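Colleague: One letter stands for each residue in the lines below.
There are 2 protein chains.
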Amino acid sequence: MASTTSIIQGGFALSSFTARPRRMVVVRAEAINPDIKKDEPKVVDSVVVTELSKPLTAYCRCWRSGTFPLCDGSHVKHNKATGDNVGPLLLKKQ
Amino acid sequence: MASTTSIIQGGFALSSFTARPRRMVVVRAEAINPDIKKDEPKVVDSVVVTELSKPLTAYCRCWRSGTFPLCDGSHVKHNKATGDNVGPLLLKKQ
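Same order as they appear, the protein sequences are chains C and Z.
Reading the first sequence from the start, the letters are residues 1 to 94 in full-length UniProt numbering.
Reading the second sequence from the start, the letters are residues 1 to 94 in full-length UniProt numbering.
Each hint should be verified, as a subset may be incorrect.
Identical chains blur together in the list; that is why a pair holds if it fits in one copy or across any two.
What the hints assert, rightly or not - Dumping the calculated DSS-like pairs for lysine-lysine here, alpha-carbon to alpha-carbon at most 25 Å:
1. 42 <-> 80
2. 93 <-> 38
3. 92 <-> 54
4. 77 <-> 37
5. 77 <-> 38
6. 54 <-> 80
Just so you know, the hints here were simulated from the structure itself, not pulled from any lab data.
Please read all numbers here as calculations on a predicted model, not as lab measurements.
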């Protein structure tokens, strides 16, 4: 998917000025994490793998999970809304 | 950091039209993953924790690592450039 830059603000879409057909334009990502622990300079999480309780545990990589650092499926909604393709990291006990 | 929307393209900065002082404006993230496995509908990685070789292994959550899914420190450059605060997931053997 070609990526160009435009702003969508109050219906003003730069792309309407160009002859190209109107299509959803993906704004190049700047920040990735909108809300998680924004008071911390860097959000690093650790997992002691021997303490994993379930055979399979999914960890979030889309920074939109309500149960961060664990995955809650929020990447599905994010991918659908943006055309992105992010998904979790799965930890398997064996 | 307040987040409003603008485009920075060839020096054209919308914010110069408003009376507010010029400052770097963060574009609200749309896509998170610019380049990794874009031919796949969803990028999910699995780790069998018993196969971890090192006492500590860092996994990328910024989608900019050259050694994805492993972390290569690319989040430092990303955070510096965008004011973000993302960091890796650390897997510890004990």
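Colleague: With reference to the structure, classify each hint as holding or not holding.
Modeller: Tested hints:
Taking identical chains as interchangeable, the C-alpha atoms of residue 42 and residue 80 lie at most 25 Å apart only when they sit on different chains, with a minimum of 11 Å there against 27 Å within one chain. Within a single copy, residue 93 and residue 38 get their C-alpha atoms no closer than 31 Å, and across copies no closer than 28 Å, so neither meets the 25 Å cut-off. With identical chains, the CA atoms of residue 92 and residue 54 are at most 25 Å apart both within one copy (8 Å) and between copies (16 Å). Taking CA atoms no more than 25 Å apart as the test, residue 77 paired with residue 37 passes in both settings, with 21 Å inside one copy and 19 Å between copies.
For the identical chains of this complex, residue 77 and residue 38 are neighbours both inside a copy (22 Å) and across copies (17 Å), given an alpha-carbon limit of 25 Å. In this assembly of identical chains, residue 54 and residue 80 lie within 25 Å of each other by CA distance neither inside one copy nor across copies; the values are 28 Å within and 36 Å between.
Checked against the numbered hints given earlier, this structure breaks hints 2 and 6; the rest are met.
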